[in-house]
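There are 2 protein chains.
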Amino acid sequence: MANQRVLLASRPTGWVAENNFRIEEAPVPQPGEGEVLVKNLWLSLDPYMRGRMSDAKSYVKGVDLGEVMVGQTVGEVIESRHPTLKKGDKVLAQLGWQLYGVTREANKVDEKRAPLSCYLGVIGMPGMTAYFGLKEIGEPKAGETVVVSAASGAVGSVVGQIAKLKGARVIGIAGGADKCRTLTDELGFDAAIDYKAEDVKAALARLCPNGINVFFDNVGGDILEAALANLARGARIVICGAISQYNNTTPIKGPANYLSLLVNRATMTGIVVGDYVPRWGEAVRDLAGWVASGQLKRREDVVEGLETFPQTFMKLFSGENNGKLVLKVA
Amino acid sequence: MANQRVLLASRPTGWVAENNFRIEEAPVPQPGEGEVLVKNLWLSLDPYMRGRMSDAKSYVKGVDLGEVMVGQTVGEVIESRHPTLKKGDKVLAQLGWQLYGVTREANKVDEKRAPLSCYLGVIGMPGMTAYFGLKEIGEPKAGETVVVSAASGAVGSVVGQIAKLKGARVIGIAGGADKCRTLTDELGFDAAIDYKAEDVKAALARLCPNGINVFFDNVGGDILEAALANLARGARIVICGAISQYNNTTPIKGPANYLSLLVNRATMTGIVVGDYVPRWGEAVRDLAGWVASGQLKRREDVVEGLETFPQTFMKLFSGENNGKLVLKVA
Chain A
5 MANQRVLLAS RPTGWVAENN FRIEEAPVPQ PGEGEVLVKN LWLSLDPYMR
55 GRMSDAKSYV KGVDLGEVMV GQTVGEVIES RHPTLKKGDK VLAQLGWQLY
105 GVTREANKVD EKRAPLSCYL GVIGMPGMTA YFGLKEIGEP KAGETVVVSA
155 ASGAVGSVVG QIAKLKGARV IGIAGGADKC RTLTDELGFD AAIDYKAEDV
205 KAALARLCPN GINVFFDNVG GDILEAALAN LARGARIVIC GAISQYNNTT
255 PIKGPANYLS LLVNRATMTG IVVGDYVPRW GEAVRDLAGW VASGQLKRRE
305 DVVEGLETFP QTFMKLFSGE NNGKLVLKVA
Chain B
5 MANQRVLLAS RPTGWVAENN FRIEEAPVPQ PGEGEVLVKN LWLSLDPYMR
55 GRMSDAKSYV KGVDLGEVMV GQTVGEVIES RHPTLKKGDK VLAQLGWQLY
105 GVTREANKVD EKRAPLSCYL GVIGMPGMTA YFGLKEIGEP KAGETVVVSA
155 ASGAVGSVVG QIAKLKGARV IGIAGGADKC RTLTDELGFD AAIDYKAEDV
205 KAALARLCPN GINVFFDNVG GDILEAALAN LARGARIVIC GAISQYNNTT
255 PIKGPANYLS LLVNRATMTG IVVGDYVPRW GEAVRDLAGW VASGQLKRRE
305 DVVEGLETFP QTFMKLFSGE NNGKLVLKVA
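Chains A and B, in that order, are what the protein sequence lines are. The first sequence begins at 5 in this note's numbering and counts up by one. The second sequence begins at 5 in this note's numbering and counts up by one.
The set of hints was computed from the structure by calculation and includes no laboratory data. Where hints are given, some of them may not hold.
Since the list gives no way to pick one copy over another, a pair counts as held whenever it fits inside one copy or between any two copies.
[Stated by the list, open to error] Pairs of lysine to any residue residues, derived as SDA-like cross-links and limited to a Cα-Cα distance of at most 25 Å, are as follows:
#	residue 1	residue 2
1	Lys112	Glu304
2	Lys301	Gly38
3	Lys61	Arg210
4	Lys90	Glu37
5	Lys319	Asp114
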């Protein structure tokens, strides 16, 4: 029994490449007093990880070269010296891109309430981001128009469905006819815009004749500008990410029409989901309830095998994944 | 007795030029039933007027070619067919760039409470913008750091002084040593940054070691980026204008580092003062009270003669004015 770990080998300039990572074998670590040894079953792949590969100042420090890439994991406790967790428990932890890890900070999850991979997606960090981003910043009201970018992704797909539950009209922006069909046919969106095939600004103008009340942005760049060009009076923009810009080698493109905020008395606000950790319970209760009742569908893109990790990660930025990207270890 | 009117002759591309205007003589208009004839004494010059010279869609329609340029005015009623206003009353109105005008919408102002030109500045539209922008969006708390751009201008100078009254630490950004001295020596700002002589980003980093809590932006462009680079957690940005960009022939420069809103959980919100007209009374009471008590100083840049209007207007964009720019007609 050996551990396998994906290390950050070099910092990317521009697009992430396979040689930014190195996979190494290592002994399985031993849990110290108060720790558990966890065998990872599911690993999460999320856009924020691109930021952790950089040493630029951000809200969390980046990964050091030669260290295991960070990330959330769901696994099984196989040895415990922890006061409350015991062997066989399934836990959500931050063990990163490896087969085994030790930690004293793991939260037991209930496989009966939801499939284990859900704890990385719809009722995990991406679900929380959607939940609090809408509840605390976007605040959609019944009858309002909500637009979300990267709508078929882990966060966007939950944003759209929660907004529907709140009675809003929901339009998703995604890349490709397949993803757009998923949005309207499986997830209940009112309309979808294929940014690879359509002029997004014109499509938004057509689909939002009274303007956008809430724009939940995961993409940035031209898509953000297209939304700014179509705001309703008093619109709220939730800035969650800017995946179109993460692999830039030139400076990020700022929204040239940001004065639309002035014209429309609108607001643009950033969200970092980590701020809401103390309120996780409230969100899990709602999200898990909606999953159980079938009101919140999860869409996962599952890839198998740790060795596929670097290539799988790159799918996030080329937009190849459809749904929450997770890696099944076994 | 003849009227003199400044008409919009052509729409500028880029910098405003004298030939965008035409001065013409015209008969003095006769007041109709319910109207007053007003002889203008003071005319206001404000950056928003640049937008009115354009036919691009904005929150208010632009001036038509051949029409009198819009603007606020303070004048004396010389003939009245109005139900409540009478000859000799001093009134605030929207009569634009001309010597005489008729209107049914004029508000009597009290010369004893404040000098007439104040109704165009510190207790007029610019003062209201500062007042409501801070009260409703910026919300500075005692001990917080407030930064304002175009700080010696009509809005900025009031923003800084109100923020001081609220107990904040206030830093102004202005162009030139003279203006900076005005801010610190006359208006009570804690510090001033001369953007023509200093690296604004570095100066903000030095002067705001704990970051900016409230940034009130009248300028846009590089100054907005410098502020975004120095936000405190939970910062509020009030987007009031972007004078650095109004004469652009290329697209406006959006803030390349707008993701600072995300990193710092910050908010950027537009204000249009016209939305607060129903609450004018509350603001006038506070502002006039502070003027009377000497807590709010007005700084005016007075130019005489209607014929100087086009050149005087251009001073706003070259930054030559120091304080609220007003034109004395007589």
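Hint check:
With identical chains, the CA atoms of Lys112 and Glu304 are at most 25 Å apart within one copy only, with a shortest distance of 22 Å there and 67 Å across copies. In this homomeric assembly, Lys301 and Gly38 never come within 25 Å of each other (Cα to Cα): the closest approach is 37 Å inside a single copy and 64 Å across copies. With identical chains, the CA atoms of Lys61 and Arg210 are at most 25 Å apart between copies only, with a shortest distance of 18 Å across copies and 40 Å within one. In this homomeric assembly, Lys90 and Glu37 come within 25 Å of each other (Cα to Cα) only inside a single copy, at 13 Å, whereas the closest approach across copies is 89 Å.
With identical chains, the CA atoms of Lys319 and Asp114 are never at most 25 Å apart, being 29 Å at best within one copy and 68 Å at best between copies.
Checked against the numbered hints given earlier, the structure breaks hints 2, 5 and satisfies all the rest.
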